[in-house]
Amino acid sequence: MAPEWRCELAGPAEAGKRCGICQTAIGVGESVGRCPRCEATFHDECWKETCGCASYGCELMPKTAKAADPVAPQTFWGQEEKQCSACGKTIKVAALRCRHCGAVFESSTPVEHQAPAPPNGPVSGGVAWAIFAGGVFPPTAPVALMAGGLWALARTDELRRMKPTQRVMAVLGLVAAGVTSVVLLVAGLLLAATH
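Yeah, the sequence shown ends on 823 if you go by the numbering used here, and it's all consecutive.
Hints are computed from structural coordinates only; laboratory data are not their basis.
Honestly, I wouldn't trust all of these hints.
Claimed, not checked - Simulated pairs of lysine-lysine, DSS-like, Cα-Cα distance not exceeding 25 Å:
#, residue 1, residue 2
1, 645, 676
2, 694, 676
3, 676, 691
4, 720, 710
Said to hold, decoys possible - Pairwise CB distance ranges (calculated):
#, residue 1, residue 2, range
5, 812, 784, 25 to 33 Å
6, 817, 781, 20 to 28 Å
7, 686, 725, 47 to 55 Å
8, 709, 795, 34 to 42 Å
9, 679, 716, 56 to 64 Å
10, 716, 800, 35 to 43 Å
Fair warning: this is a prediction, and the values are worked out from it, not measured in the lab.
For each residue, glycine too, the CB sits at the ideal point set by N, CA and C.
Sequences are here, hints too, so could you generate the full structure?
Next comes the structure, spelled out in structure tokens:
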């Protein structure tokens, strides 16, 4: 509700002043009033429409109610629900605990049910380094080709889970070992044929 104020017709003293609300000039004979606190002049209609003063800092300025921020449900790539990785039942994406089986999750990001992958640490990195080093060093290239090739065939899943740099190192080591072994074999055959 607008604070109580007195309205009168604008005289020559108010004529030409600007209404603090609509920013238009006040004309002689228009219905105007002054703010009871700061004495700013406004059109009567503007004062009633805004329910208060428009001067910055005036205590009769209308209070603005801050609208509550809209709350959207938490989603993951547009999905509001996920499957529990323990029991397979549907739960909310934001859930950190399954309401069906009680499983607790580290984060709200959905995960698939799968066996934990073995650590991709020094063992895999060491094997990749050994295959690479053995493959590029000619005296050990045939051994690296045989041992590294058998290891790669037996552990293709571990090879796929390696870090990209380790995987590239292992594959390049096998390729280098193959090329070096072929060159050594051809050189050995040529040497044997000449003697």
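Results for each hint:
1. Among the hinted pairs, residue 645 with residue 676 is consistent with the structure: their alpha-carbon atoms are about 19 Å apart, no more than 25 Å.
2. For the suggested pair residue 694 and residue 676, the alpha carbons sit about 21 Å apart, so the restraint of at most 25 Å is met.
3. The suggested pairing of residue 676 with residue 691 holds, with an alpha-carbon distance near 14 Å, which does not exceed 25 Å.
4. Restraint check for residue 720 and residue 710: the C-alpha separation of about 6 Å stays at or below 25 Å, so the hint holds.
5. Separated by about 27 Å at the C-beta atoms, residue 812 and residue 784 satisfy the suggested range of 25 to 33 Å.
6. Checked against the given bound of 20 to 28 Å, the beta carbons of residue 817 and residue 781, roughly 27 Å apart, stay inside it.
7. Judged by the Cβ atoms, the range 47 to 55 Å given for residue 686 and residue 725 holds: they are separated by roughly 52 Å.
8. At about 35 Å, the beta-carbon gap between residue 709 and residue 795 stays in the expected band of 34 to 42 Å.
9. The hinted window of 56 to 64 Å between residue 679 and residue 716 holds, with their beta carbons roughly 58 Å apart.
10. Checked against the given bound of 35 to 43 Å, the beta carbons of residue 716 and residue 800, roughly 42 Å apart, stay inside it.
Figure legend: structure checked against the earlier numbered hints; every hint is met.
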